[in-house]
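> In case you want the letters, here they are:
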Amino acid sequence: MNLKKILALVMSLAMVVSMVACGDNTTEPTKSNSTLAPASSEAPSTNGGSTETNGGSTTPSNPNSVTTALAQVGSGEVGYAIYAGTAGKDYTDPKVYTFNDYIESTTSMNWSPMNWETNSDSYVLDNISSGFYTFQLNAAKNGWAIACEMAAELPVDVTSEYVGKYGIAEGDTAKAWKIKLNENACFEDGTKINADTYIYSYQQLLDPLMINRRADSLYAGDFCIYGAKNYFYGGKSAMTLMTEDGENYVYQLSDLTVNADGVYVTPDGAEVYLVLADALAWCGGDSLADYSDYFPEEIWTALENAADSNGYVLCTKDNFANLFAFTSSDDWGNESEDQMINYMGYKVEYDSYSWDEVGIFKTGDYEIVLVTQNSISDANYYVPYNLSSTYLVEESLWESCKTYFNANGDVVDANSADIASITTVYGTSKDTTASYGPYKLTYFEMDKQITMERNENWYGYSDDKHLGQYQTDIISCQVIAEHSTALLAFLKGELDNIGLQSDDMEKYSSSAYIRYTPQSYTTKLTFNTDVESLKSRGTQVLANQNFREAFSLAIDRNTFAKSYTSAGSAGYGMLNYLYVYDPYTGATYRDTDAAKKALVDLYGLTYGDDGDYDDLDDAYDAITGYDLVKAKELMAKAYDECIADGSYDGTSTVEISLSVYQSDDIYVKMFNFLNDALKAACEGTGFEGKVSLTMEVDADYYNTMYSGGTDMIFSTWGGATYSPYTLLYECYCDASDGSGNQMEYGFDTSAIDLTITVDGEDFTASLQKWALWADDSDPDCTISNGKTTLKQFSAYDADTRASFFGILERTYLSYYTTTPMYYRNSASLVSQKGDYAVTQYIDLIGFGGLAYYTYTYDDTEWETVRGNLQY
Amino acid sequence: MSMPKYVLKRILLMILTFGVVATMCFVLIKLLPLPAIKSMGKDANLIIKKREAMGYNKPLMVQYFRYWKHVFQGDLGLGEQMYEAQSVLSIVAQKLPYTIVVNLYSILIAIPIGLAFGIYAALRKNKWQDYVISTAVMVVYSVPSYVYAFLVQFFLCYKTGWFSLTVASKAEADFISWTMFKSMLPAIISLGFGTIAGLTRFTRAELAEVLTGDYLLLARTKGLTKSQAITRHALRNAMVPILPMILSEFIGILGGSLIIENIFAIPGIGKLYITAINVRDYNFFMALTFFYTLIDLVAGLVIDLSYGFIDPRIKMGAK
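Line by line, the protein sequences give chains A and B. Residue 1 is where the first sequence starts when you use this note's numbering, and the numbers rise one by one after that. Residue 1 is where the second sequence starts when you use this note's numbering, and the numbers rise one by one after that.
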């Protein structure tokens, strides 16, 4: 009896404990409109090229009309007016402000400018170093502007002064860049930074014995320094891939020959290899080894056995045939023989090369010249962009951090003749770090704590150019791997920001302190509209456009995004807020009037004198994509049409298959949501009670859709954020039969004619051709009306391009073969201690960065209020 | 065989075992392919050349002997996939003290509590106190330590604010100081729950059995008080299996707890080993293999020898 009482007591206690544990120490989160809302009046206006909508007309006479303006010849104008910050809230503020941050655990912790690897590394490096130039929040707070930091002035094109040297020919431009250095720059100990410091650092970066991780910053990509690669590889061989980007190829397959040994060789006689382990552009950055599970075992084993220790397989006829047997199969995508070039590379032998031949030299104590391999286009933007990092090391410290090894891996003396490699521990502790940025490292404990304090020797605190910036005195960064710990620390006021996970969103999605960082992806519902393949499942109603539009309008995307996605926000267009339409300002396509108008028109909102909203911005802000009344009207119309054309008999039950990757809880919830939306649209129409969704689990659902084997799927596309206009052709319009990337099976964009009035002249082409033209990758793709031929898409200025694309986006979406559902984001909370300069994420500069972070409370005040705040 | 001879023999066998384990691990990890060089836009040759410089392309036997040569020189190599170019020994040495200290505190606190509960339950066998302790032990024993960690963190650190959410850094407190100890207490408590429960259960079972022995009755009849009989005879006999258990608990926790270390932001070695295997950092893997193998082997020897100290009737090496 006693035992029973005790057990009852224990259980009661456990229940009390559980209830307390489930309780919350905060009240309901504050309601707020702070979501990833579209920008309002701060968005750049579409001066120049524009649709005929400026001025607030309700319905323009021709919504497909574009007035063009050409892009400037040469480089566009970059903004140089940076945000002035808040007066007094800067480094002159005498109070003490600590920014308490955290990083998740990392296996790197190396912030050497020459060897940093992870985001955690760059987090430290960004605060303790400065670039030649920096991208900062612009004065209008809606994009970026460029400011000089370690450079005293903007780069000057001095190509003509070096004709005959460094591969520069007469007439070349934009290859040699003179940079006048900031004479006030120094390391944290006061050691001056001059041209010699740069030359020494660059030479160390390219030291072939050191094999620094960042060495390729000088010889790969768009900003290759002349001779840098030859110097780095001097006297050695290195594998060169046939393509680095999937667009430009060193050789095509037709250029290769097979030698007497049966080995493929380049025109120069270099043996060709199949590349198994390296990242391939063709595979989206993955290597073939990542897909080894997809290979038939015998093929992969044969390739592996033939590979050397670096995963390179000599491209003999047999090995070629072996790989091609797989890449040409259904399992991989029926690739052609020519496409085998994407898996190939060849070894290049580099001759010994002198440092004097490298395009880095000084022309004064505070002046250097950098010579690039190729001319830099759009130099006003791309030169500062590529010079936003410096690779400076403090010479004596750098030398002291080196360890020398011979070929056997034994440590040898610095003066030894047997040195085969050199390693360095520069930038791995407080003692091996020399700051030349706004902060200096004052404490470091491996995987535990990083503290940076104001670097009083930084020129920025005395040049009056950084007033309004850097109110933060101390950056205290803990390493916290466990998210729940970090979240509790944030709620206690011990951290000033916290990345949110999907489980947190239910509680914090409405917080006024949430900030969204967009990813490049838009998730959408994709419909199969091919009548023949739909017939096999009795779902031909999907081929009816009104049916699809009705379904689309019955979906409350806001609720969907909040309920079922991790930080996603309702999506209405193809492109979200990350795609930059003007690299010179950082302004995004989605914020242009043309892009806003595309969606306002698509969803049927009106504005202006006779419209429902005052102006375009108001109308755009009001878009929900959800109109159940209109959805029912359209559904009734669709019913009549389907009965009339025989695609529905009026009595049958129609089950539209939604193929999903798996049947876990979230997919089931999403399915139920959509099913309810469809049923709601059908209510009161002939379809009521007869049409519904059915969920089919299919891990290969993308390919199923590519073959028309299902009715609808969730699909997601994202692209390069600086190339917003390539996505339409490459992912939405390239092939209606499933042979390309396009998932909207049966939607033949080559059969849809679209007329756009350009400067008063009508131009008609298929939607697919317009998309290809906007893609700008095929110089042979021209659009003409018989009298006039449009220029290449890239010849028009940014606003004109946005206007064209707005029309294309609206046209594509108006067929409702795809319904955008949500934009993918990551989310974080900022503490009430302070905030960043802007709440809407801007590519390259985020929310304005720590430079413009301002505080509501100093450290002392914060101690009294923290822990009692609600988010 | 005399005790010194036995110990010497065990040490020699230990060295042999260590060599075999190390060799097997060296060969097996080298047989695994290195991670693919995945970094779009980066020059893959940078990684390849680095690996060449580290001797990864040399024949396995060459690498093997080269490795041992360096080990005998006190050089366990540099990190490649993790903590690149940094001394493996130095990284492990920086992280190991946290793991050892937290776990040592935990054991030191858990042992007396576990023993006390176990003894008390045994002495109150089949009484309500025994039922309460046994039920609590079963509950605690069945629940993983990270569950306690979350509860401890939420109530003791967040709700009440008695302790900090994370372990202090060395900048905030000396390593051996009250402040550091206090910051470690939530982790220590979380780790200690399981040990206390295990020890309580084991002690109760052993002591309860010993207490029914005829020799205890004899001891009482000889005039010893109950407590004298328990202390001098029952406990000593019960400790024969308990002490090795304590030792093995201690050895076990030296490996660190990945989850507890993550939750309380302890920069220990808990996740180092698993990460080294996942990312295929040969030198870290081998160094940590050495560490754990050595601990296991030494622990085995110490435990075996401890029997003789606890109960002189047990002679090591005797037939």
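None of these hints come from the bench; they were simulated from the model. Incorrect hints may have been included.
[Stated by the list, open to error] Footprint (simulated), chain A over chain B, 3 or more residues, beta carbon under 8 Å: (1) 44 to 55; (2) 74 to 85; (3) 90 to 100; (4) 196 to 208; (5) 212 to 218.
[Unchecked claim] Below, in silico cross-link-like pairs of lysine-lysine (DSSO-like), each with a Cα-Cα straight-line distance of 27 Å or less: (6) B/Lys-58 to A/Lys-347; (7) A/Lys-430 to B/Lys-58; (8) B/Lys-50 to A/Lys-236; (9) B/Lys-159 to A/Lys-492; (10) B/Lys-58 to A/Lys-236; (11) B/Lys-58 to A/Lys-402; (12) B/Lys-69 to A/Lys-402; (13) B/Lys-170 to A/Lys-492; (14) A/Lys-347 to B/Lys-30; (15) A/Lys-669 to A/Lys-630; (16) B/Lys-182 to A/Lys-492; (17) A/Lys-637 to A/Lys-679; (18) B/Lys-170 to A/Lys-430; (19) A/Lys-178 to A/Lys-165; (20) A/Lys-402 to B/Lys-50; (21) A/Lys-507 to B/Lys-159; (22) B/Lys-50 to A/Lys-347.
Each residue gets a CB set at the ideal place from its N, CA and C atoms; glycine is no exception.
> Each hint: holds or not?
These are the hints, each one checked on the structure:
1. Using a Cβ-Cβ cut-off of 8 Å, 10 residues of the segment 44 to 55 of chain B lie near chain A, which meets the minimum of three, so the contact claim holds.
2. Restraint check on the segment 74 to 85 of chain B versus chain A: 7 residues with Cβ-Cβ distances below 8 Å, three needed, restraint holds.
3. Under the rule that three or more residues need a Cβ within less than 8 Å of chain A, the assignment of the segment 90 to 100 of chain B holds, with 3 such residues.
4. Look at the segment 196 to 208 of chain B against chain A: 0 of its residues bring a Cβ nearer than 8 Å to a Cβ of that chain, fewer than three, so the hint is violated.
5. Closer than 8 Å: that is the beta-carbon criterion, and the segment 212 to 218 of chain B has 0 residues meeting it against chain A, so the requirement of 3 is violated.
6. Distance hint between B/Lys-58 and A/Lys-347 is fulfilled; the C-alpha atoms sit about 20 Å from each other, no more than 27 Å.
7. A threshold of 27 Å between alpha carbons decides the hint, and for A/Lys-430 with B/Lys-58 the separation of about 36 Å lies outside it, so the pair is violated.
8. For the hint pairing B/Lys-50 with A/Lys-236, the CA-to-CA distance comes to about 14 Å; that is within 27 Å, so the pair holds.
9. Taking the CA atoms of B/Lys-159 and A/Lys-492, the gap is about 9 Å. The hint holds against a cut of 27 Å.
10. Among the hinted pairs, B/Lys-58 with A/Lys-236 is consistent with the structure: their alpha-carbon atoms are about 18 Å apart, no more than 27 Å.
11. About 24 Å separates the Cα atoms of B/Lys-58 and A/Lys-402, which keeps this hinted pair within 27 Å; it holds.
12. Annotation: proposed proximity of B/Lys-69 to A/Lys-402 holds, straight-line Cα distance about 22 Å (limit 27 Å).
13. The hinted pair formed by B/Lys-170 and A/Lys-492 meets the criterion: a straight-line CA distance of about 22 Å does not exceed 27 Å.
14. Pair hint A/Lys-347 plus B/Lys-30 holds up; C-alpha atoms about 26 Å apart against a cutoff of 27 Å.
15. Taking the CA atoms of A/Lys-669 and A/Lys-630, the gap is about 25 Å. The hint holds against a cut of 27 Å.
16. With a C-alpha separation of about 18 Å, the suggested pair B/Lys-182 and A/Lys-492 falls inside the 27 Å cut-off, and the hint holds.
17. A C-alpha spacing of about 15 Å is found between A/Lys-637 and A/Lys-679, which places the hinted pair at or below 27 Å, so the restraint holds.
18. At roughly 14 Å between alpha-carbon atoms, B/Lys-170 and A/Lys-430 fall within 27 Å of each other, so this suggested pair holds.
19. With a C-alpha separation of about 15 Å, the suggested pair A/Lys-178 and A/Lys-165 falls inside the 27 Å cut-off, and the hint holds.
20. Taken as a hint, the A/Lys-402 and B/Lys-50 pair is honoured in the structure, with Cα atoms around 15 Å apart against an allowance of 27 Å.
21. As the CA atoms of A/Lys-507 and B/Lys-159 are separated by approximately 18 Å, the hinted pair is consistent with the 27 Å bound.
22. A hinted pair counts as satisfied when its Cα atoms are at most 27 Å apart, and B/Lys-50 with A/Lys-347 qualifies at roughly 17 Å.
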